[in-house]
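Residue numbers (this note's numbering), protein chains in the order written: chain X, 123 to 279; chain V, 32 to 134; chain Z, 31 to 298.
Please keep in mind that the hints were generated in silico from the structure rather than gathered at the bench. Treat the numbers as computed from the prediction; the structure is a model and nothing was measured. Idealized CB from N, CA, C, for every residue including glycine. Do not take every clue at face value.
To be verified - Among chain Z residues calculated to face chain V with C-beta under 10 Å, some are:
{"no.": "1", "residue": "70"}
{"no.": "2", "residue": "74"}
{"no.": "3", "residue": "244"}
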Amino acid sequence: MDDGRRTFLKSGGGVTLLTLLAAAGWLDAEEALAQPWNKTAFDTHSLGDTLHALGGGEPAQSKDIEFIQTPEIAENGAVVPVGVASKLPKTESIAILIEKNPNMLAAVFDVPAGTEPMISTRVKMAQTSNIYALVKADGRYYVAAKEVKVTLGGCGG
Amino acid sequence: MGEPMKIRATLTGDTTEVKVLMNHEMETGQRKDAQGQTIPAWFIQTIGVTWNGKSVLSAQWGPAVAKNPFLSFRFKGGAKGDKIIVRWVDSRGDQRTDEAVIA
Amino acid sequence: MKPSTLLAALAGIVVASLVWAQASTTDEIAKYRAALQDGNPAELWEARGEDLWKQKRGPKQASLERCDLGRGAGVVKGAYAELPRYFAGADRVMDLETRLVWCMVQLQGFNEAEAKKTPFGSGSDRKSDLEALTAYVTSESRGVKMNVALTHPKELEAYRVGEKLFYYRGGTHDFACATCHGEDGKRIRLQDLPNLMTAEGAQKAYTSWPAYRVSQGELRTFEWRLYDCFRQQRFPELIFGSDGAIALTMYLARNANGGVYDAPAIKR
Numbered sequence: 123m124d125d126g127r128r129t130f131l132k133s134g135g136g137v138t139l140l141t142l143l144a145a146a147g148w149l150d151a152e153e154a155l156a157q158p159w160n161k162t163a164f165d166t167h168s169l170g171d172t173l174h175a176l177g178g179g180e181p182a183q184s185k186d187i188e189f190i191q192t193p194e195i196a197e198n199g200a201v202v203p204v205g206v207a208s209k210l211p212k213t214e215s216i217a218i219l220i221e222k223n224p225n226m227l228a229a230v231f232d233v234p235a236g237t238e239p240m241i242s243t244r245v246k247m248a249q250t251s252n253i254y255a256l257v258k259a260d261g262r263y264y265v266a267a268k269e270v271k272v273t274l275g276g277c278g279g
Numbered sequence: 032m033g034e035p036m037k038i039r040a041t042l043t044g045d046t047t048e049v050k051v052l053m054n055h056e057m058e059t060g061q062r063k064d065a066q067g068q069t070i071p072a073w074f075i076q077t078i079g080v081t082w083n084g085k086s087v088l089s090a091q092w093g094p095a096v097a098k099n100p101f102l103s104f105r106f107k108g109g110a111k112g113d114k115i116i117v118r119w120v121d122s123r124g125d126q127r128t129d130e131a132v133i134a
Numbered sequence: 031m032k033p034s035t036l037l038a039a040l041a042g043i044v045v046a047s048l049v050w051a052q053a054s055t056t057d058e059i060a061k062y063r064a065a066l067q068d069g070n071p072a073e074l075w076e077a078r079g080e081d082l083w084k085q086k087r088g089p090k091q092a093s094l095e096r097c098d099l100g101r102g103a104g105v106v107k108g109a110y111a112e113l114p115r116y117f118a119g120a121d122r123v124m125d126l127e128t129r130l131v132w133c134m135v136q137l138q139g140f141n142e143a144e145a146k147k148t149p150f151g152s153g154s155d156r157k158s159d160l161e162a163l164t165a166y167v168t169s170e171s172r173g174v175k176m177n178v179a180l181t182h183p184k185e186l187e188a189y190r191v192g193e194k195l196f197y198y199r200g201g202t203h204d205f206a207c208a209t210c211h212g213e214d215g216k217r218i219r220l221q222d223l224p225n226l227m228t229a230e231g232a233q234k235a236y237t238s239w240p241a242y243r244v245s246q247g248e249l250r251t252f253e254w255r256l257y258d259c260f261r262q263q264r265f266p267e268l269i270f271g272s273d274g275a276i277a278l279t280m281y282l283a284r285n286a287n288g289g290v291y292d293a294p295a296i297k298r
C-alpha cells in the first residue's frame with residue numbers, strides 16, 4: 123500500500139486531501155466533482171463529529187468569519203438565506219452547519235485560489251437554532267456562530 | 032438528465048459574480064406522504080463550477096440545502112464572453128450541466 | 031418616587047420594550063424578505079413556461095404563439111396588466127388562466143378537462159403547465175402599470191359580482207374576504223394582512239402574484255391565492271376558472287389599477 127493511499131484513507135474521505143490538491147490547482151473540475159460524497163460528514167450530530175469526518179481538529183473561535191445577508195428571523199424554515207464571508211488568509215473551505223437539524227452539516231464549499239472566500243446560499247432549518255460557519259484556513263479550522271429564529275407565519279402573503 | 036438551471040455571471044471590474052438557481056427537489060428523506068410512507072431522500076450531492084475550464088468552486092451538499100437551491104459567489108478574473116459551466120450530481124446519480132457566458 | 035409613578039414608569043418601559051421588540055421583529059422579517067429577492071426560483075417556472083408557450087403540442091401540434099391574451103394574437107408583453115377582460119370569441123370575461131385553457135383547447139386541440147387537470151402543481155412528479163405558463167406570461171408584464179378596463183357590460187358585471195363576493199360572509203367562521211382584508215393594521219400571527227379596500231393595499235397585494243411560495247416550494251398563481259383563502263375561510267372549494275373566481279379577480283385586479291406590476295415575486 124503506497125503512502126498516498128494511506129493518507130487518503132486516514133483523512134476520512136474525499137473532502138480534505140483532494141481539496142488541498144484542488145486548491146493547489148492540481149485537479150480540474152471533473153476530478154473535483156468525482157470526489158466521493160462524504161457521507162460520514164453529512165451524518166453527524168455534533169460539531170466535533172463533523173470536524174472529525176472532515177479530517178480536522180478543535181476549531182478556534184474567529185471574529186474574522188462574518189455572516190452576511192443572514193436575517194435573524196426566518197419567516198419559514200424551509201428557505202433560510204445564509205451568507206458567510208471569511209477574512210482569514212488562505213481560506214480553503216467554508217462549511218455551514220445547523221445545530222438543531224437532524225444532521226448538522228448542510229454544505230461544504232471548497233474555495234480555490236482566486237475565488238473570494240464568500241458564499242451565499244439557502245438552507246433548511248428544522249427550528250430556531252445556531253448556525254455555525256466552519257472555515258478551514260491555512261490547514262486549520264475556525265468557527266463562528268449566529269442564532270437564527272424560525273417562525274411560523276400566518277396564513278397569507 | 033436533471034432540470035435546467037439558471038446561471039448569471041456578471042463582470043464588475045476584475046471580479047466575476049456568479050449566481051446560480053438550480054432546479055431540484057432537495058428531498059430530505061424526513062417527510063412522509065399522504066399515505067404515511069417516507070418520501071425517500073433525493074438531493075444534489077456534488078457541485079462543480081468552472082471558468083474557461085478552471086475550477087472556481089466545488090461543493091458537497093446534504094439535504095439541508097433548500098429546495099431549488101440558490102448559490103452566489105465571486106472570483107477574480109473573467110472577461111465578457113468567457114464560459115461558466117456548472118455541473119451537479121445528485122444522490123440518484125442523476126446529473127445536470129449548464130453553461131452561461133460572462134456578461 | 032411615589033409607588034404609582036414608579037409603576038407607571040415601569041409600565042412605560044415594558045410597553046416601550048414590547049413595541050421595540052415588535053418593531054425589530056418586523057425589521058428582521060423585512061430583511062428576510064429582502065434577502066430572498068436575489069435568486070427567485072420563480073425564474074425556473076418562467077423558463078419552463080416560455081418553452082411551453084413556444085412548443086408545438088397537443089393533437090393539433092401547434093404552439094400557443096397565436097394565442098390572443100387581449101392585446102393581439104401572440105402579444106404577451108403587457109397582457110397580464112389588462113386582465114381579466116372580455117373576449118368576444120368566448121363571449122366571456124376571462125382571467126389569464128381561463129384564457130390559457132381556452133387557447134390550449136382552440137389552438138392545440140386539448141380538451142378542456144385535460145388542460146385544466148393540474149391547476150396547482152406539487153413537486154417534480156406533478157408539475158402544472160398552467161403555473162409555468164402563468165409565470166412566463168406574467169413576467170412579461172413586469173414594470174407595467176395595472177390597467178384593467180371596465181368597458182364591456184360583462185366586465186362591469188364581473189366587477190360587481192366580485193365586489194359582492196368580497197363582502198359575502200359565510201362558512202363556519204362567518205368570514206368574508208373583508209373580514210381579514212377590510213381594515214388597516216390587521217395581521218394573522220406575524221403576517222400583515224393587506225387592506226384591500228385602499229388603493230395602496232390593493233395595488234401592493236395584486237401586483238405581487240404569482241409568487242414562489244417558499245413554504246410550499248412552488249410557484250402559486252392568483253387563482254391559487256383565492257382558492258386558498260376560501261379554504262382558510264372554511265368556504266366550499268372555489269372552482270378553478272369559475273365565474274366566481276374570475277369575478278373576484280376582476281374586482282381585485284381593477285382595484286389595483288395604477289399599481290406597477292412586479293411579479294413573479296417570492297413570498298414565505
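The hints, checked one at a time:
no., hint, verdict
1, 70, "holds (8 Å)"
2, 74, "holds (5 Å)"
3, 244, "holds (8 Å)"
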